[in-house]
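Each chain, written out:
There are 2 protein chains.
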Amino acid sequence: MRVVVPFDARDPNTRLDPVLDADERRGFARAMLADVLAALRGADRDLDVRVLATAPVGVESDTDADVTVDDRPLTPAVNAALAATEEPVAVVMADLPLVTPKAVEGLLDPEPHGADDPGEAAGVVLAPGLGGGTNAVLARHPGFRVDYHGVSYRDHREAAAEVGATVRTVDSFRLALDVDDPADLAEVLLHSEGKAAAWLREAGFAISTGDGRMRVERG
Amino acid sequence: MRVVVPFDARDPNTRLDPVLDADERRGFARAMLADVLAALRGADRDLDVRVLATAPVGVESDTDADVTVDDRPLTPAVNAALAATEEPVAVVMADLPLVTPKAVEGLLDPEPHGADDPGEAAGVVLAPGLGGGTNAVLARHPGFRVDYHGVSYRDHREAAAEVGATVRTVDSFRLALDVDDPADLAEVLLHSEGKAAAWLREAGFAISTGDGRMRVERG
Numbered sequence: 001m002r003v004v005v006p007f008d009a010r011d012p013n014t015r016l017d018p019v020l021d022a023d024e025r026r027g028f029a030r031a032m033l034a035d036v037l038a039a040l041r042g043a044d045r046d047l048d049v050r051v052l053a054t055a056p057v058g059v060e061s062d063t064d065a066d067v068t069v070d071d072r073p074l075t076p077a078v079n080a081a082l083a084a085t086e087e088p089v090a091v092v093m094a095d096l097p098l099v100t101p102k103a104v105e106g107l108l109d110p111e112p113h114g115a116d117d118p119g120e121a122a123g124v125v126l127a128p129g130l131g132g133g134t135n136a137v138l139a140r141h142p143g144f145r146v147d148y149h150g151v152s153y154r155d156h157r158e159a160a161a162e163v164g165a166t167v168r169t170v171d172s173f174r175l176a177l178d179v180d181d182p183a184d185l186a187e188v189l190l191h192s193e194g195k196a197a198a199w200l201r202e203a204g205f206a207i208s209t210g211d212g213r214m215r216v217e218r219g
Numbered sequence: 001m002r003v004v005v006p007f008d009a010r011d012p013n014t015r016l017d018p019v020l021d022a023d024e025r026r027g028f029a030r031a032m033l034a035d036v037l038a039a040l041r042g043a044d045r046d047l048d049v050r051v052l053a054t055a056p057v058g059v060e061s062d063t064d065a066d067v068t069v070d071d072r073p074l075t076p077a078v079n080a081a082l083a084a085t086e087e088p089v090a091v092v093m094a095d096l097p098l099v100t101p102k103a104v105e106g107l108l109d110p111e112p113h114g115a116d117d118p119g120e121a122a123g124v125v126l127a128p129g130l131g132g133g134t135n136a137v138l139a140r141h142p143g144f145r146v147d148y149h150g151v152s153y154r155d156h157r158e159a160a161a162e163v164g165a166t167v168r169t170v171d172s173f174r175l176a177l178d179v180d181d182p183a184d185l186a187e188v189l190l191h192s193e194g195k196a197a198a199w200l201r202e203a204g205f206a207i208s209t210g211d212g213r214m215r216v217e218r219g
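Residue numbers (the numbering used here), protein chains in the order written: chain A, 1 to 219; chain B, 1 to 219.
Bound-form chain A, shown alone (with noise of 0.2 angstroms):
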């Protein structure tokens, strides 16, 4: 199956600009896009990764992902990729550093174990995001196109109802946690042992609790 990881080479996580200068947060992208990798990689599925870039990107070797460039925003980049087959594609956000193979499985399963209507497979399958966005999306109906501005997992809901497909959605913890905030940081250090959390503590970031909530505090 194609998997398609939209990644801004260019100017990504703009709203970790409080903490991480431009060089930094590029930096910090590469790793979180190494992490997703990563979790493909790891799935127990045959996969085609193809990372959907605004920029050049080198991937490392050990990827087995090639590198698309395409400059347009994020949704007629994502709609070109979608309408290029009619095969089904799953797009992953390349900012979910929490992500690990069994929730990657989770999302392309075709049936999932306890699923509440185990018959025929969902037309499209959507895992939100935190904030009302979606952070994957599996479109097995050809005719589904999305569009990440706003409230994307309501909108989606409609968009594959609209095309007469039916919608499944995943419940996961590390699908839905994008790193968008500095705060998010925090749980990236707590949750996970990958690359990102490994660039923050490189950076010296760490948890912190002064006030009672969780966040970062750079050492």
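Don't take every hint at face value.
[Unchecked claim] Quick list of the computed label-pair ranges, beta carbon to beta carbon: (1) B:R145 - A:A55: 51 to 61 angstroms; (2) B:G164 - A:G219: 27 to 37 angstroms; (3) B:D147 - A:S208: 17 to 27 angstroms; (4) A:T85 - B:A83: 51 to 61 angstroms; (5) B:V163 - A:A22: 46 to 56 angstroms.
No lab work stands behind these hints: they were computed from the structure. Keep in mind it's a predicted model, so treat the numbers as computed, not measured. The C-beta atom is built at its ideal place from N, Cα and C for all residues, glycine as well.
Given the structure of chain A, go ahead and fit chain B onto it with the hints provided.
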């Protein structure tokens, strides 16, 4: 299996104070409790559910839940419940309005499908909450005790190791989302059709995306 649901009947969800007054917070907390009890009742398990409340509280007669009053703080009250039996005890927080029967089953399953280690059942199962908390625990090891202060997910892993209990972590967005800040109310409106979501709609709350980020506004 015994399931304990701690519930603050006096002054719940104080961080919602900017958007809900004290009476409203009590009403909304009751709605969230009803959702959690409904999810437990709907799970395909034989459960002995006990609400562990800080003050007398009635629960709806169709919930099959008894109420025990213990006015101590959360940690000693839960530890007394754990110490009361050698049998496994689950502890599920009352402010998890997204929880479903399936998510409950994922917590209670002795050997969930796709587990990394499908061998012996873990001595302690933890469902992390956003922000470092622990939203649900299944304590099979009779020596395990909780401490909800600080980054309790990390502390509970250490506490399990100290008593020689293996740990399994549940990957569930629906268990991870506890209602803490006003921003969490938008997640309830987006991802639940339960009583808490209905309470919010009745109180005039709706999802807002004015500045591009999902929030709630009250009409």
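How the hints compare with the structure:
1. B:R145 - A:A55: 51 to 61 angstroms: The hinted range 51 to 61 angstroms holds for R145 of chain B and A55 of chain A, with Cβ atoms some 52 angstroms apart.
2. B:G164 - A:G219: 27 to 37 angstroms: The hint (27 to 37 angstroms, Cβ to Cβ) holds, given that G164 of chain B and G219 of chain A are roughly 33 angstroms apart.
3. B:D147 - A:S208: 17 to 27 angstroms: holds (18 angstroms)
4. A:T85 - B:A83: 51 to 61 angstroms: Holds, at about 59 angstroms.
5. B:V163 - A:A22: 46 to 56 angstroms: holds (47 angstroms)
Checked against the numbered hints given earlier, the structure satisfies every one of them.
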